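Enquirer: Letter by letter, the chains look like this.
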Amino acid sequence: MKPLNILVIDDESSICRACHLVLTEKGHQVEHCMTGKKGLLAIERGLHDVVLLDIKLPDMDGLDILKVIRQKKPGPCLIVMTGYATMPTALQAMKLGATDFLSKPFTDDELVACIQNACPSE
Amino acid sequence: MVTKYKNYLHAIREMIQQLSPAILEKHSLDSLQEVLNVVVTKFAEILDAKGALIRILNEDTNKFEVRAAYGLGKNYLYKGPVNPEKVLPNSTNLNKVYIVTDIWDSPRVEYPKEAWNEGIRMMIDVPISICNQAVGMIRIYHTEPREFSDIEQDFILAVAEQFACVIQRIKRMENQQVQFNYLATRMEKMSSLGRMAAGIAHEINNPLAGILLYSSNLIKKVPPGSVLEEGINIIIQETQRCKTIIQGLLEFARDKEPEKTVSNINEIIEIALGIVDNEFRCQHVHIEKNLAEDMVNTFLDQNQIEQVFINLLLNALEAVDNNGRVSIRSAADQARKCVRVEITDNGCGISPEHVKHIFEPFFSTKTNGTGLGLSVSYGIIKNHQGDIRVFSEPGDGARFTVELPILAENDEGKKTP
Numbered sequence: 004m005k006p007l008n009i010l011v012i013d014d015e016s017s018i019c020r021a022c023h024l025v026l027t028e029k030g031h032q033v034e035h036c037m038t039g040k041k042g043l044l045a046i047e048r049g050l051h052d053v054v055l056l057d058i059k060l061p062d063m064d065g066l067d068i069l070k071v072i073r074q075k076k077p078g079p080c081l082i083v084m085t086g087y088a089t090m091p092t093a094l095q096a097m098k099l100g101a102t103d104f105l106s107k108p109f110t111d112d113e114l115v116a117c118i119q120n121a122c123p124s125e
Numbered sequence: 452m453v454t455k456y457k458n459y460l461h462a463i464r465e466m467i468q469q470l471s472p473a474i475l476e477k478h479s480l481d482s483l484q485e486v487l488n489v490v491v492t493k494f495a496e497i498l499d500a501k502g503a504l505i506r507i508l509n510e511d512t513n514k515f516e517v518r519a520a521y522g523l524g525k526n527y528l529y530k531g532p533v534n535p536e537k538v539l540p541n542s543t544n545l546n547k548v549y550i551v552t553d554i555w556d557s558p559r560v561e562y563p564k565e566a567w568n569e570g571i572r573m574m575i576d577v578p579i580s581i582c583n584q585a586v587g588m589i590r591i592y593h594t595e596p597r598e599f600s601d602i603e604q605d606f607i608l609a610v611a612e613q614f615a616c617v618i619q620r621i622k623r624m625e626n627q628q629v630q631f632n633y634l635a636t637r638m639e640k641m642s643s644l645g646r647m648a649a650g651i652a653h654e655i656n657n658p659l660a661g662i663l664l665y666s667s668n669l670i671k672k673v674p675p676g677s678v679l680e681e682g683i684n685i686i687i688q689e690t691q692r693c694k695t696i697i698q699g700l701l702e703f704a705r706d707k708e709p710e711k712t713v714s715n716i717n718e719i720i721e722i723a724l725g726i727v728d729n730e731f732r733c734q735h736v737h738i739e740k741n742l743a744e745d746m747v748n749t750f751l752d753q754n755q756i757e758q759v760f761i762n763l764l765l766n767a768l769e770a771v772d773n774n775g776r777v778s779i780r781s782a783a784d785q786a787r788k789c790v791r792v793e794i795t796d797n798g799c800g801i802s803p804e805h806v807k808h809i810f811e812p813f814f815s816t817k818t819n820g821t822g823l824g825l826s827v828s829y830g831i832i833k834n835h836q837g838d839i840r841v842f843s844e845p846g847d848g849a850r851f852t853v854e855l856p857i858l859a860e861n862d863e864g865k866k867t868p
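Chains W and Y supply the protein sequences, listed in that same order. For the first sequence, this note's numbering begins at 4 and goes up steadily by one. For the second sequence, this note's numbering begins at 452 and goes up steadily by one.
There could be a bad hint or two in this list.
When the alpha-carbon atoms are kept at most 30 Å apart in a straight line, the in silico BS3-like pairs for lysine-lysine are as follows [to be verified]:
no.: 1; chain 1: W; residue 1: Lys70; chain 2: W; residue 2: Lys98
no.: 2; chain 1: W; residue 1: Lys29; chain 2: Y; residue 2: Lys672
no.: 3; chain 1: W; residue 1: Lys70; chain 2: W; residue 2: Lys40
no.: 4; chain 1: W; residue 1: Lys98; chain 2: W; residue 2: Lys41
no.: 5; chain 1: Y; residue 1: Lys514; chain 2: Y; residue 2: Lys493
no.: 6; chain 1: Y; residue 1: Lys671; chain 2: W; residue 2: Lys29
no.: 7; chain 1: W; residue 1: Lys5; chain 2: Y; residue 2: Lys672
no.: 8; chain 1: Y; residue 1: Lys525; chain 2: Y; residue 2: Lys501
no.: 9; chain 1: W; residue 1: Lys70; chain 2: W; residue 2: Lys29
no.: 10; chain 1: W; residue 1: Lys98; chain 2: Y; residue 2: Lys514
no.: 11; chain 1: W; residue 1: Lys5; chain 2: Y; residue 2: Lys671
Treat the hints as calculated values from the structure; they're not laboratory data. Model, not experiment: these values are computed from the prediction.
My request is simple: use the sequences and hints to build the entire structure.
Expert: This is the structure we're talking about:
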């Protein structure tokens with residue numbers, strides 16, 4: 004698969020670092036932010052192919068970030084990550100335009116597969 | 452005699468007048484005490500006695516305890532509870548008044564010395580019974596022995612009979628209140644545990660995500676046969692196990708509204724049986740199925756109810772040994788407008804102490820149990836405005852009953868929140 008430009012927004016540093024490790028090993032470019040505001044700024048600045056977004060952030064609701072990202076054209080693929088593995092939250096995220104959903108905790112293979120499904124190689 | 456007769460009618464009327472507010476209007480739990488006070492006072496006054504006393508059976512201690520007294524000294528009253536067998540032996544006719552004149556030698560008198568010192572020379576015992584069971588006794592005390600006419604004895608018995616009805620009614624009210632309080636507390640406890648569980652689940656899933664990502668990544672870098680391999684695999688498996696537990700926890704915490712459709716509960720039972728069939732076969736446990744032919748459709752969430760039956764069936768399977776018996780039966784109770792499903796096993800049974808906590812989250816007697824199956828089931832049934840109960844004794848199997856109201860699609864608006 005071609006290298007992707009991936010942004011991880013999560014307030015847990017271990018998750019950010021782990022995603023960074025797993026995805027860079029697959030040849031992707033990975034950047035991470037630990038607050039919603041920094042995440043929005045990064046999205047404004049860069050051109051990302053995929054955003055991995057935690058739905059519960061200390062400063063903002065992840066679903067609000069999702070709405071902002073959806074307005075961006077061309078928008079990145081959006082994968083929502085959450086510790087609340089409940090269907091209503093997942094449904095809401097999908098309705099707001101998320102491409103896929105990862106419920107924490109997940110393995111490296113699940114993460115890679117999810118990104119592959121979200122951005123199939125052209 | 453004629454004068455007395457008129458007096459007694461008057462006395463009964465007066466007693467009823469005094470008792471009415473307590474029984475009919477207040478409906479409060481203090482009303483039993485008010486009734487008791489009126490009865491002892493009036494008995495003593497009308498019969499021109501020194502005093503009167505009411506003992507009521509305490510069901511916990513199986514002793515008659517003084518609940519109201521009039522005209523008696525503290526020395527006598529402080530003698531404490533008495534055994535029902537002593538004052539009302541089994542042979543006692545509960546519809547008869549007993550007159551004791553021999554204070555010192557009567558087996559009915561538990562504290563003769565104190566009674567004598569109180570100036571008591573004669574006692575009249577009136578059993579109070581409900582459904583032919585003694586629930587208490589009225590004792591009337593006289594300082595001088597005297598004759599008691601049949602009319603007087605009839606009067607005493609008539610008042611005691613009415614009084615027994617009052618006690619029964621008030622006890623029923625008390626029981627309802629106790630039951631209500633118990634259920635209200637339990638609901639509150641479950642709901643706060645649920646909220647807490649959701650918070651914990653989120654907090655734990657985050658660190659688990661870090662552990663699982665690193666460990667699943669690390670295992671690929673370990674050469675096959677390395678000493679690290681086993682350890683990392685265990686970390687991965689155990690983290691996955693935590694994930695499963697937490698998912699169960701979130702299921703419980705989530706106040707998920709059932710997605711109801713018109714369903715036949717027999718069909719849901721068949722699906723659940725199909726899912727657990729293999730497990731039962733492996734353990735050579737036979738399931739006896741007895742489904743009502745006249746089952747009516749009702750409005751419920753098939754997936755959720757199926758989950759409840761699977762839980763109950765697997766619990767039953769765990770409770771029985773190889774070659775044990777589990778039965779499932781369904782019935783439509785038109786009179787109570789509900790459908791009922793019973794799952795019974797002949798397994799090890801449940802102790803009363805465990806029965807009390809069985810629907811609480813994290814309560815488990817299994818070594819590998821999460822303690823969430825039954826609490827999730829409980830939540831599901833309550834969300835259907837239904838009821839789930841357990842009946843069991845250690846060593847004598849267990850029976851779980853699930854009752855769900857018979858609802859049509861358009862009844863949904865009437866449900867209680």
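Enquirer: Within a Cα-Cα threshold of 30 Å, do lysine 70 of chain W and lysine 40 of chain W meet the stated pairing?
Expert: holds (14 Å)
Enquirer: Are the Cα positions of lysine 671 of chain Y and lysine 29 of chain W separated by 30 Å at most?
Expert: Measuring from Cα to Cα gives roughly 13 Å; hence the hint holds.
Enquirer: Next pair to validate is lysine 5 of chain W with lysine 672 of chain Y; report whether the Cα-Cα distance is within 30 Å.
Expert: holds (23 Å)
Enquirer: Tell me if the straight-line CA distance from lysine 525 of chain Y to lysine 501 of chain Y falls inside 30 Å.
Expert: holds (14 Å)
Enquirer: Run the distance test for lysine 5 of chain W versus lysine 671 of chain Y: straight-line Cα separation, threshold 30 Å.
Expert: holds (22 Å)
Enquirer: Taken at face value, is the distance from the CA of lysine 29 of chain W to the CA of lysine 70 of chain W at most 30 Å?
Expert: Since the Cα atoms of lysine 70 of chain W and lysine 29 of chain W sit roughly 29 Å apart, the hinted pair holds (cutoff 30 Å).
Enquirer: Against the 30 Å threshold, does the CA-CA distance of lysine 98 of chain W and lysine 514 of chain Y hold or violate the hint?
Expert: violated (67 Å)
Enquirer: Can you confirm whether the C-alpha distance between lysine 29 of chain W and lysine 672 of chain Y stays at or below 30 Å?
Expert: holds (14 Å)
Enquirer: Is the Cα-Cα distance between lysine 98 of chain W and lysine 41 of chain W 30 Å or less?
Expert: With Cα atoms ~24 Å apart, lysine 98 of chain W and lysine 41 of chain W stay inside 30 Å; holds.
Enquirer: Sort out whether lysine 493 of chain Y lies within 30 Å of lysine 514 of chain Y, counting only the CA atoms.
Expert: holds (25 Å)
Enquirer: Keeping to a limit of 30 Å between CA atoms, is the pair of lysine 70 of chain W and lysine 98 of chain W held or broken?
Expert: holds (10 Å)
Hint 10 from the earlier list is the only one contradicted by this structure; the remaining hints agree with it.
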